Amino acid sequence: MQAFAYASPSSLNEAVGLLDAQWGRTAILAGGTDLLSLMKDDGDDSMRLVNIKKIAELARVREENGGYQVGALVTFDQFLTHRALPKRFPALAMAAEGVSSPQIRNMGTLGGDLLQRPRCWYYRGGYGLLAMNNGKSLVPGGDNRYHAIFGNEGPAYFVSPSSLAPALVALGAKVTLHGASGQREIPVEELFVIPKADGEREHSIRPNEILTEISIPAGAQEWRNATYEVREKMALDWPLATASVALKMDGGTIREARVVLGHAAPTPWRSRVAEQALEGKSLDESAATAAGEAATQGAKPLSDNGYKVQLVRVAVKRALLQAKEVA
Amino acid sequence: MEYNWPAPDKRELIGKRISKIDAPWKSSGRVKYTYDVNLPGMLYGRMALSPYAHAKIVKIDTAEAEKMPGVKGVQVIFAEGTEVLWAGQEIVALAAETEEQAEEAADKIHIEYQRLDYNVDDKGLDKLSSQYTKQLSERTTGNPNTGFREAEVTSEGRYGASVITHCCLESHGSTMQWQGDSLKYYASTQYVSGVGNEVGEATKTPASKIEVICPVMGGGFGSKFAADTWGVACAQLAKKTGRPVKMMLERDHELMAAGARPSMYANVKVGAKRDGTLVAWDSQSWGTGGPAASGAPPLPYIWQFPNSRVKHTAVLANIGPERAWRAPNHPQMCVLTMCAVDDLAAKLNMDPYDLFMKNIAIAGRTSERFNPPKIYADELAKAAELFEWKKKWHPRGQSGAGPVKTGVGLSMHTWGGAPNQSNCMVTIRPDGSAEVAMGTQDVGVGARTVVGIVLADTLGLPLEAVTVNIGDSKYPPAGASGGSTTTGGVSSSVRYAAVKAANELFAKVAPSLGAQPDQLEAWGGTIRVIGNPSKSIPWKQACAKLGGTPITAAGRTYRPLTSAGVGGVQMAQVSVDTETGVVRIDKMVAVQDCGMVIDAKTAESQVYGALIMGVTYSLYEEKLMDQQTGQCLNPNMEFYKLAGIGDVGDLVVHMMTGPGYDDRGVIGLGEPPVISPGAAISNAVANAIGVRVPYIPITPQRVLAALGKGGMA
Chain A
19 MQAFAYASPS SLNEAVGLLD AQWGRTAILA GGTDLLSLMK DDGDDSMRLV
69 NIKKIAELAR VREENGGYQV GALVTFDQFL THRALPKRFP ALAMAAEGVS
119 SPQIRNMGTL GGDLLQRPRC WYYRGGYGLL AMNNGKSLVP GGDNRYHAIF
169 GNEGPAYFVS PSSLAPALVA LGAKVTLHGA SGQREIPVEE LFVIPKADGE
219 REHSIRPNEI LTEISIPAGA QEWRNATYEV REKMALDWPL ATASVALKMD
269 GGTIREARVV LGHAAPTPWR SRVAEQALEG KSLDESAATA AGEAATQGAK
319 PLSDNGYKVQ LVRVAVKRAL LQAKEVA
Chain B
1208 MEYNWPAPDK RELIGKRISK IDAPWKSSGR VKYTYDVNLP GMLYGRMALS
1258 PYAHAKIVKI DTAEAEKMPG VKGVQVIFAE GTEVLWAGQE IVALAAETEE
1308 QAEEAADKIH IEYQRLDYNV DDKGLDKLSS QYTKQLSERT TGNPNTGFRE
1358 AEVTSEGRYG ASVITHCCLE SHGSTMQWQG DSLKYYASTQ YVSGVGNEVG
1408 EATKTPASKI EVICPVMGGG FGSKFAADTW GVACAQLAKK TGRPVKMMLE
1458 RDHELMAAGA RPSMYANVKV GAKRDGTLVA WDSQSWGTGG PAASGAPPLP
1508 YIWQFPNSRV KHTAVLANIG PERAWRAPNH PQMCVLTMCA VDDLAAKLNM
1558 DPYDLFMKNI AIAGRTSERF NPPKIYADEL AKAAELFEWK KKWHPRGQSG
1608 AGPVKTGVGL SMHTWGGAPN QSNCMVTIRP DGSAEVAMGT QDVGVGARTV
1658 VGIVLADTLG LPLEAVTVNI GDSKYPPAGA SGGSTTTGGV SSSVRYAAVK
1708 AANELFAKVA PSLGAQPDQL EAWGGTIRVI GNPSKSIPWK QACAKLGGTP
1758 ITAAGRTYRP LTSAGVGGVQ MAQVSVDTET GVVRIDKMVA VQDCGMVIDA
1808 KTAESQVYGA LIMGVTYSLY EEKLMDQQTG QCLNPNMEFY KLAGIGDVGD
1858 LVVHMMTGPG YDDRGVIGLG EPPVISPGAA ISNAVANAIG VRVPYIPITP
1908 QRVLAALGKG GMA
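Chains A and B are the protein sequences, given in the same order.
Here my numbering is used: the first residue of the first sequence is 19, the next is one more, and so on.
Here my numbering is used: the first residue of the second sequence is 1208, the next is one more, and so on.
Hints were generated in silico from the structure; no laboratory data involved.
Here the structure is a predicted model, which means the values were calculated and not measured.
Among the clues, some could well be false.
The calculated lysine-lysine pairs, modelled on DSS-like cross-linking and capped at a C-alpha distance of 25 Å, are [to be verified]:
1. B:K1476 x B:K1334
2. B:K1217 x B:K1233
3. A:K251 x B:K1742
4. B:K1447 x B:K1315
5. B:K1752 x A:K58
6. B:K1446 x B:K1274
7. B:K1589 x B:K1223
8. B:K1794 x A:K251
9. B:K1315 x B:K1330
10. B:K1263 x B:K1315
11. B:K1752 x B:K1742
12. B:K1916 x A:K318
13. A:K154 x A:K342
14. B:K1334 x A:K154
15. B:K1715 x B:K1681
16. B:K1274 x A:K58
17. A:K251 x B:K1752
18. A:K58 x B:K1279
19. B:K1581 x B:K1598
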């Protein structure tokens, strides 16, 4: 870790003004659960830290025309104890409950969950986001048990670590990004990108933008939704694979489906094959099993992570069966 | 004189459930761990580590680091020309005013290396070049060929236990403070009386001028006997700078370089008669203890097969140094043996409980005071009762419908636990205060409490009335706490000294009670005549008769009060999700013998702790190395996975006590209960899913691979 400047603005515009237009020079501090460990491990050497926790408007939850505007600074705990949100969106609650530990849920923010950096051990070990060593990624020939089975044509092989993103994508949520020239709203799905070259990031947010709000659209609560995480340990652990699903029902029939995989690709990974397999079917064990099978189509496991294909198959099936149970 | 343990009806404290006397100090932060020692003017030490698994140091340039703000001293640990043998090996240390300055400056130490060939793989024996393997001599007993010819059923399998680390909660390190030519050495150590020697040699300081201080310790498990390079460098930096220096390892360094438990893998063949009688063993094992070749493990474990052939290949790997890990070699040998025998039982369609009982006569080696067949038979029966084994066991694979399968497994283990050599000094003062001084250490297991219990019970006093001074090398020297040797050493030593001191007091008091000294006993805060409690004198008044001179009595380990050789049996019940490969521990029962128990509560705590540690290494822990870079992939608490409270299941502990146990005297307990979990859990998983997962930790990836659902072995 090296010396850095610290700013603690109280307004959004002031905060945006403190951010550099290039990556790596400034960093935004919210819960800090990822950033501080990155800084200590020399994974982030920003010259200035901009603390946004004093910007009160970023910590609010508003209900608007049946939809919800959730501030980026809302913590997992605040989300889980909110009177309406966890009940309306079990897919989000199930994902939030799975987050690591009470301490992380107490400090960690929803915005931070979306923007945290990947956990790839080559990246965290100092080989950069693309795990490059002598011009070649270390992942295909290394220990890739936790790496991607989809979207892994290279050079990116890491998995998106976000717990909430798959559920938010399934619910059709959007995020608001606030920059110097105003704000823009994009679907959560578009916040995540697969970097193609050194220096590119896994998020489409610009270095001088702040993620301010997550919008869950009106009508999303009409969709049956759930998340299933395959976890090796009960606490202080990352899931091995997850699936979030949202289903628009027409009586007993699935009219429209969204199936999104987590910890399976460098981004939250939407499985359109699984979605198609569900549409027009009734929500039952056989449809869930077929969708799980369909979700594995196109998987390209690396040398050590073939087992994750099986985990995706099960996660999708179980998420769907859970969605059947939720009211 | 009579030093025996008091008769059972004369034990007010010994054998009872007593909380650790230092627990309130620990929970309130009143007692300082080495990590918490902060001295005025103290500097912080940091080290530059080798990023390479094997390299020669060509050039060391510390000029830039020396000029960094706050830097007060630099110490080269390994000179130019030295070969480093693992990534994370420390090359240069420095001390600076703040932790941050030290860290930043350490990054400015420039070391040029010549990279050399390395190996960090220990599993793929067939793929390794011969420079990394060393075949050790074959050992046979009986006639293995005849044995297998006579066998009516044989079973073959592969089993193994991966490299893990000690992962001490308090990392390795020390704070060093020179006062003139004397050194105060605050150490996180398992050897208060001896750890100073290494530092003394390096700094040319006589041992008498080094005081090692370690009142409480945050875990060592066999990895904290030595001062290590960082301890020596810390003392040198403190000397150079004239300031106290604190240098504790960072978590990544701790996991990379502060010790690894050797791996052990094997292809095993076992043969038996159709009735389950074990007749032959053949194993070809391999494993790594780091860059140096370690010896051959004495396989098979416990079972004295009449015929056996054992071959072992040592794998040389640049993974970090091998260090004793709680019950060195035993957990690995236990997995190799008990899993192979369990597979044989499955092939015979026998309940492994019955197979164990059938062969109980060849379980362990009997000695004068240790009769393992009897102990194991008692313990198997007790464990089966607590676990409801006969109700829960089912033939392999018959685990019902549904994706989650339940299974049970058992294992047994042994350990020595003879006492270390511990000296002490007991003092009884005229004001009635009583104390013991001893250069031993409490590595977190309750040694301080055990010492206090023995002293208080011998003097007929409540535990609060005695003072226990340990954890400082100024006290009479005591042995290292390793190999489950401490409780036997310290308890017998204190008993010996306290009996001597009490007898001296009796001699002073006897005339006033109109009795002979040998007719007196210390009981309930009085000195009284045996058989005539009305003739007594309160403790304080008795001590007042000493006049101006306290009684002092020296003690040393008194072997007749101790013994060696223990047995233990463990049973595990697991639920395995056959769709995800995730294993959950439902229940574990541990039945453990350790001779006479001094403190039932701390003894049970030892076993609980061992079970938790055992669950952790059975399901989660593995030091993962990358062959491309030679580096450790998981030197952190994120991917070096440890069990949390939700992962350990329902733990049941039963200590064997009473006739046949108490009368063997005190035997060490630290190691034994951590040996069986790997085998018991692996056997339970096999019972649940119908196939063997060869290696521990039993990860979802390995379970799915064993079930043919993708992944690697």
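For each hint, the structure was consulted:
no.	hint	in the structure
1	B:K1476 x B:K1334	holds, 22 Å
2	B:K1217 x B:K1233	violated, 31 Å
3	A:K251 x B:K1742	violated, 63 Å
4	B:K1447 x B:K1315	holds, 20 Å
5	B:K1752 x A:K58	violated, 64 Å
6	B:K1446 x B:K1274	holds, 20 Å
7	B:K1589 x B:K1223	holds, 21 Å
8	B:K1794 x A:K251	holds, 16 Å
9	B:K1315 x B:K1330	violated, 37 Å
10	B:K1263 x B:K1315	holds, 19 Å
11	B:K1752 x B:K1742	holds, 17 Å
12	B:K1916 x A:K318	holds, 15 Å
13	A:K154 x A:K342	violated, 45 Å
14	B:K1334 x A:K154	holds, 24 Å
15	B:K1715 x B:K1681	violated, 30 Å
16	B:K1274 x A:K58	holds, 22 Å
17	A:K251 x B:K1752	violated, 63 Å
18	A:K58 x B:K1279	holds, 23 Å
19	B:K1581 x B:K1598	holds, 24 Å
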